[in-house]
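With the hints as your guide, set chain F onto chain P.
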Amino acid sequence: MKRIIQFAIILAICFMGDLIHNFFNLSIPGSVLGMLLLLALLLTGILKLSMIEDVSNFLLKHLSFFFIPAAVGLITCFSILEGKWTALLFISVVSTIIIVVVTGITVQILMKRRQSFE
Amino acid sequence: MSELISSLVRSPIFGIGISLLTFYAGSLLYKKTGSPLLNPLVLSMLVIMAFLLSFHITFDDYNRGGQFISFFLGPATVILAVPLYKKISIFKENVIPILVGIIVGSTAGIVSIIVMCKMFGLDHLLSISMIPKSVTTPIGIEISNQLGGIPSITVAGIIFTGIAGILLGPLICKLFRIEDKVAIGIAIGTSSHALGTTKAVEMGEAEGAMSGLAIGIAGLVTVFLAPILAKILL
Chain P
1 MKRIIQFAII LAICFMGDLI HNFFNLSIPG SVLGMLLLLA LLLTGILKLS MIEDVSNFLL
61 KHLSFFFIPA AVGLITCFSI LEGKWTALLF ISVVSTIIIV VVTGITVQIL MKRRQSFE
Chain F
1001 MSELISSLVR SPIFGIGISL LTFYAGSLLY KKTGSPLLNP LVLSMLVIMA FLLSFHITFD
1061 DYNRGGQFIS FFLGPATVIL AVPLYKKISI FKENVIPILV GIIVGSTAGI VSIIVMCKMF
1121 GLDHLLSISM IPKSVTTPIG IEISNQLGGI PSITVAGIIF TGIAGILLGP LICKLFRIED
1181 KVAIGIAIGT SSHALGTTKA VEMGEAEGAM SGLAIGIAGL VTVFLAPILA KILL
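Residue numbers (my numbering), protein chains in the order written: chain P, 1 to 118; chain F, 1001 to 1234.
Bound-form chain F, shown alone:
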């Protein structure tokens, strides 16, 4: 019996299976309750982590199947061009507000991260790793490397940020009366990259398109801003 279980754990079917199962269960729960706190991705992540930890299964074992799912992140990012293409007229009409918004927002984000790192007395290495945590994972890792940070800390920050964006983004927009669809999409994409964009896509086509657009632009802006602001402020 234990032989059977250990060979299942070592097969890619385990990682794919547990991801599908937990995500499906999470989606059902999310639909039933409608609570934004029961996000399928967050639920799935927590259940899988708990499962791996309690049965002493390594991440590498899980990722034998997981890597096949991660493979789709590339195509999934590429096709964000589709909602953007459908809504390209909104972008063309609002180029200046969108670009200025992303630059101002990204700057505010980096400055706030540096200030808070100082507040918590975090060392230089940790602080520098946290600076690019609002952009999409591949760009974040790249910037972290360039600044001399620890990429896995950056990735941790990126995931925390994405989950915060999914859970809090729409709420914060409501609270601060950010009601325009373009403004909501750009705000969510700039603050919480592709993970936040999954929420924006759910909110509507315009929000999703703008959020997807903001991932790329915010990433580019951060590539230029992060080293400059880190030099001045850290």
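So here's chain P without its partners, still in its complex pose:
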């Protein structure tokens, strides 16, 4: 019962995220708005962590499972990708490496510099 209520609360926040997305015609998806909304509710204390924690932990623990159908959906792109596989794979992998390195090093340097100021 407790978990059903927890899940209902999470779904309600999802729905509100979608509502805000549609109402203001925003380019940020409803789920990301829902995440910000949930964060705001937790920070203001309107929602207690214990009111959603069990279901949250369950979803977080099995997070990658929910991406399976989206990943399998790649199968529908096979015809468009014909002959371009290597290029698109190469670009995806290399740019991912570049972003990890540039972002990670920038954050790390800025954090260290600030710490040495203090």
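Everything labelled a hint here was simulated from the structure, so no lab data went into it. Hints are supplied without guarantee of correctness; some may be wrong.
[Said to hold, decoys possible] Think about it this way: if two alpha-carbon atoms lie no more than 27 Å apart in a straight line, the pair counts; the simulated BS3-like pairs of lysine-lysine are:
#	chain 1	residue 1	chain 2	residue 2
1	F	LYS1031	F	LYS1118
2	P	LYS61	F	LYS1231
3	P	LYS84	F	LYS1231
4	F	LYS1092	F	LYS1174
5	P	LYS61	F	LYS1181
6	P	LYS61	F	LYS1032
7	P	LYS2	F	LYS1092
8	P	LYS112	F	LYS1174
9	P	LYS48	F	LYS1092
10	F	LYS1086	F	LYS1181
11	P	LYS2	P	LYS48
12	F	LYS1086	P	LYS48
13	F	LYS1086	P	LYS112
14	P	LYS61	F	LYS1086
15	F	LYS1174	F	LYS1032
16	P	LYS112	F	LYS1181
17	P	LYS84	P	LYS2
18	F	LYS1031	F	LYS1174
19	P	LYS48	P	LYS61
20	P	LYS61	F	LYS1174
21	F	LYS1118	P	LYS84
22	F	LYS1032	F	LYS1092
23	F	LYS1092	P	LYS112
24	F	LYS1174	F	LYS1086
25	P	LYS61	F	LYS1092
26	F	LYS1181	F	LYS1031
Here is chain F on its own, set in the frame of chain P:
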């Protein structure tokens, strides 16, 4: 017999069942070997694709069950606020490094994509579809539409990127001595959205929280950057 099989394939139980089975088998294998290359999601995806192709089952048949799993992507994204809430003090202490890191990283990413698309001689339509491939799927599709790209190419790029982030993210961090938990989380979330975040969550609570945070911010940053950079560079 074949009647029975075809009615099973047409039932949602097929999509859900094969996803659960392959993911469970993948998780066991991953735990046993500990090899990052045997990621349960990647294994499950490959086995299901091979199964669909070899038995001539359409994606729509699979997705009759699959859509129920995909439904949970919304709630799963929303609850990324939970680890972030638990680690909000880390975010507050490091707002500037985090924001600057994400903006610099996203810019470097988009520029590198455009440069490589030119290197490979890809046409305008393909290049523009690849630009938003580092952000989370719903934002990526939105940007792709706005730029006039092909959303399914964008989705393909997003999945390649996510898998690259899962398989290579932690390794690259080690290689380039990115050791700070905040830096690792932000780097993985910025580069490989929610898929990479599944890996970051596995690495630790701080990494997961920061990665989840980076999904949203990197998405927002890309919404603004992508059209500008595409106009200048393409």
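For each hint given before, does the structure comply? Return the numbers of the non-compliant ones in rising order.
Numbers 1, 2, 7, 17, 22, in rising order.
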